[in-house]
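*Asks:* Just so you know, the protein sequences line up as chains A and B, in that order. With the working numbering as the guide, the letters of the first sequence map in order to residues 1 to 114. With the working numbering as the guide, the letters of the second sequence map in order to residues 1 to 113.
Fair warning: there could be bad hints in the mix.
List time: in silico EDC-like cross-link candidates among lysine to aspartate or glutamate, alpha-carbon distance up to 20 Å [claimed, not checked]: (1) B:K49 x B:E64; (2) A:K57 x A:D38; (3) B:K49 x B:D85; (4) A:K71 x A:D26; (5) B:K100 x A:D62; (6) B:K100 x A:E59; (7) B:K100 x A:D38; (8) B:K58 x B:E20; (9) B:K58 x B:E88; (10) A:K57 x A:E30; (11) A:K9 x A:E30; (12) B:K100 x A:E30; (13) A:K70 x A:D26; (14) A:K57 x A:E79; (15) B:K100 x A:E79.
Rather than coming from a laboratory, the hints here were simulated on the basis of the structure.
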Amino acid sequence: NAGVTQTPKFRVLKTGQSMTLLCAQDMNHEYMYWYRQDPGMGLRLIHYSVGEGTTAKGEVPDGYNVSRLKKQNFLLGLESAAPSQTSVYFCASSYFDRDNQPQHFGDGTRLSIL
Amino acid sequence: AQSVTQLDSQVPVFEEAPVELRCNYSSSVSVYLFWYVQYPNQGLQLLLKYLSGSTLVKGINGFEAEFNKSQTSFHLRKPSVHISDTAEYFCAVSTDNTDKLIFGTGTRLQVFP
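Only chain B is shown next, with the shape it has when bound in the complex:
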C-alpha cells in the first residue's frame, strides 16, 4: 500500500523568502506524484505532477518540485513567495495499479508581509 507523509503541518514564512514544503512517500511500486493547492473555502487545484521523465517538475505560480527516488521524496519549492501563496498544500501519490490518489495530511503555508 502507498502512503504519503507531510511532516510540516504549518510553515510560516515572510514574503519574498524561499520556501520548501516537504513530502515523503512510501510505495513498493513505481509512483506518480502530485502537489495540489487549496485556497480558503475552495476545492483543490493541481500545482504540478510527476509522471515520468525529468525529475525536476515545474508547475504553476512559480512552484517546482523534485522527485528523488532514493530518498522517496517529492519536495515542493518556490524561490520567492507572495502573500497570495498563503494556502494549504497537499502532496498525493498514485500508482499504475490504482485509480485512486492517496493524499498527505497537508501543509498550511502562511506568508507574512
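Isolated chain A (complex conformation):
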C-alpha cells in the first residue's frame, strides 16, 4: 500500500548542477502535482498534470520542468540548480472527481543547493 512515493528523500547539489525528482503513485490517479514548501510560505504549486502526456504551470514554475510520460509517474527537473531552489518538495496525486479528493501526498524530498 505505497500511495505516493518520492525519490530521493534527500539531496545536496552544487549551484548549476541538474537533477530529476521522481514521483510515483499506485492509485491510478489522473491528477498529479509538484509543490515546494518554504518556511512561512506554505505550499506553492510548481507544475501539475491532469493526465498522461499533459502538464501545466502552477504558481512558481520558473527554473523547473516536468514530464508525465506515464500515468503513474510525474518527474520534476531542475536544469541548473540555484540556491533559491533549496526547499522541501512534495508530490501529490488525486482523482479527477472532486468528491473523491483529497490530494494524497508523498513524504517529501529535502533539497539543498550550495
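Take the given structure of chain A and dock chain B to it, following the hints.
*Replies:* Relative to chain A, chain B alone:
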C-alpha cells in the same frame, strides 16, 4: 483569484484544552475548503473537507470545522487536544473552475503537557 489567510503562525496550548485554528478565504465564486495536517518530516494528510451541504464538517482525530459563508471563514476546532496533535495545519481552497488547491501559510500547533 482565490486566496487563503491563516492569521496565526503559531498556536501554543496545554493538553486537554480546546483549540481553534483560524482560516479565512477570498473568492468570487463558490469554494471547496480543506484542512490538512503535516506531522514532522511527513507529507500532508487530509483532516476534513467541505464540498457542500452541512456547514459543520467533522474530520479525523476529533477535529471539526465550520464553513461560514458570510464571514468567509473555515475555522478548525478541537474541544480537547492531545500531545500527539502537535503538528502544522494548513487550510486550502479550490473552486469549480480550477484543478488546483491554494494553500494558506500554515499554523503550527504546539501542545504542551
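*Asks:* Taking the hints in turn, state whether each one holds.
*Replies:* Outcome of the hint check:
1. With a CA separation close to 10 Å, the supplied pair B:K49 and B:E64 stays within the 20 Å bound.
2. For a cut-off of 20 Å, the pair hint linking A:K57 to A:D38 stands: about 19 Å separates their Cα positions.
3. Straight-line distance between C-alpha atoms of B:K49 and B:D85 comes to about 18 Å, which keeps the hinted pair within the 20 Å bound.
4. A C-alpha spacing of about 9 Å is found between A:K71 and A:D26, which places the hinted pair at or below 20 Å, so the restraint holds.
5. Using a Cα cut-off of 20 Å, the hinted pair B:K100 and A:D62 holds, with the two alpha carbons roughly 18 Å apart.
6. Among the hinted pairs, B:K100 with A:E59 is consistent with the structure: their alpha-carbon atoms are about 10 Å apart, no more than 20 Å.
7. Using a Cα cut-off of 20 Å, the hinted pair B:K100 and A:D38 holds, with the two alpha carbons roughly 19 Å apart.
8. Our distance criterion of 20 Å between C-alpha atoms is met by B:K58 and B:E20, whose separation comes to about 14 Å.
9. Of the supplied pair hints, the one linking B:K58 and B:E88 holds, its CA atoms being roughly 19 Å apart against a limit of 20 Å.
10. Annotation: proposed proximity of A:K57 to A:E30 holds, straight-line Cα distance about 17 Å (limit 20 Å).
11. Proposed proximity of A:K9 and A:E30 is contradicted: the alpha carbons are some 24 Å apart, above 20 Å.
12. For the proposed pair B:K100 and A:E30, the alpha carbon gap of about 13 Å is at most 20 Å, so the pair holds.
13. Distance check on the hinted pair: A:K70 and A:D26 sit about 12 Å apart at the alpha-carbon level, within 20 Å; holds.
14. Restraint check: the Cα-Cα separation between A:K57 and A:E79 comes to about 16 Å, which is no more than 20 Å; the hinted pair holds.
15. For the hint linking B:K100 to A:E79, the alpha-carbon distance of about 25 Å lies beyond 20 Å, and the restraint is violated.
Of the hints listed earlier, those the structure fails to meet are numbers 11 and 15, in rising order.
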